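Asker: Could you put the whole structure together from the sequences, leaning on the hints where they help?
Residues per chain, in single letters:
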Amino acid sequence: AQKITQTQPGMFVQEKEAVTLDCTYDTSDQSYGLFWYKQPSSGEMIFLIYQGSYDEQNATEGRYSLNFQKARKSANLVISASQLGDSAMYFCAMRDEDTGNQFYFGTGTSLTVIP
Amino acid sequence: EAQVTQNPRYLITVTGKKLTVTCSQNMNHEYMSWYRQDPGLGLRQIYYSMNVEVTDKGDVPEGYKVSRKEKRNFPLILESPSPNQTSLYFCASGVNGNSPLHFGNGTRLTVT
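Chains as they are written, first to last, in the working numbering: chain D, 1 to 115; chain R, 116 to 227.
Take every hint as true, because none was put in to throw you off.
Just some of the chain D residues that point at chain R, by a computed CB distance under 8 Å:
id: 1; residue: Gly-43
id: 2; residue: Glu-44
id: 3; residue: Met-45
id: 4; residue: Phe-47
id: 5; residue: Phe-91
id: 6; residue: Arg-95
id: 7; residue: Gln-102
id: 8; residue: Phe-103
id: 9; residue: Phe-105
id: 10; residue: Gly-106
Hint data in this document are derived by calculation from the structure and do not stem from the laboratory.
This one's a predicted model, so the numbers in the text were calculated from it and none came from an experiment.
C-beta: ideal position from N, C-alpha, C; glycine also.
Answerer: Below you can see the structure in the form of structure tokens.
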């Protein structure tokens, strides 16, 4: 079974609007970490935001926030006030303590910001 | 500057010719790992290391070897590369298994 599922292969958003990128995960572990990374067309992987499974508050980093719904096993990324530079691939990832700190990545969502 | 350095950035080789992709980090990170990225499949973990002399298989370890003799270096070895190992490879490091990963710039490998 897939550990991380990103169901949106491609998304479009108008500049200055907010967008939500979906991510669901599968684990039976109580302790895990959830991450979002951005990959622009230049190819590098950029860390955006982290949520620990025991964190009660949703993580926020500037324009990025993580909508963590533990019971639903979802960890959606919300980007507010989209900018043209936000156009990129976005990957959701999970560090699973059950499997000895393996990292699992989703297949990614390609976001295009329209001027 | 804190960074993860991979070399080479691009590599074209032939089936069966052993190769090594180097990875070095200057942040004194304990955790290091290798991934391959293929279209439609995202990133898949090949091997990871929690510390010196400690390595573990990820999801797709077949055809790869790693070693962690020093904290800063984590080379990826393909003893007998095959065309299905053509991919974009990333090395990454983190303070530990719980912390965000810092990625290298990637190595694009083509095996003909």
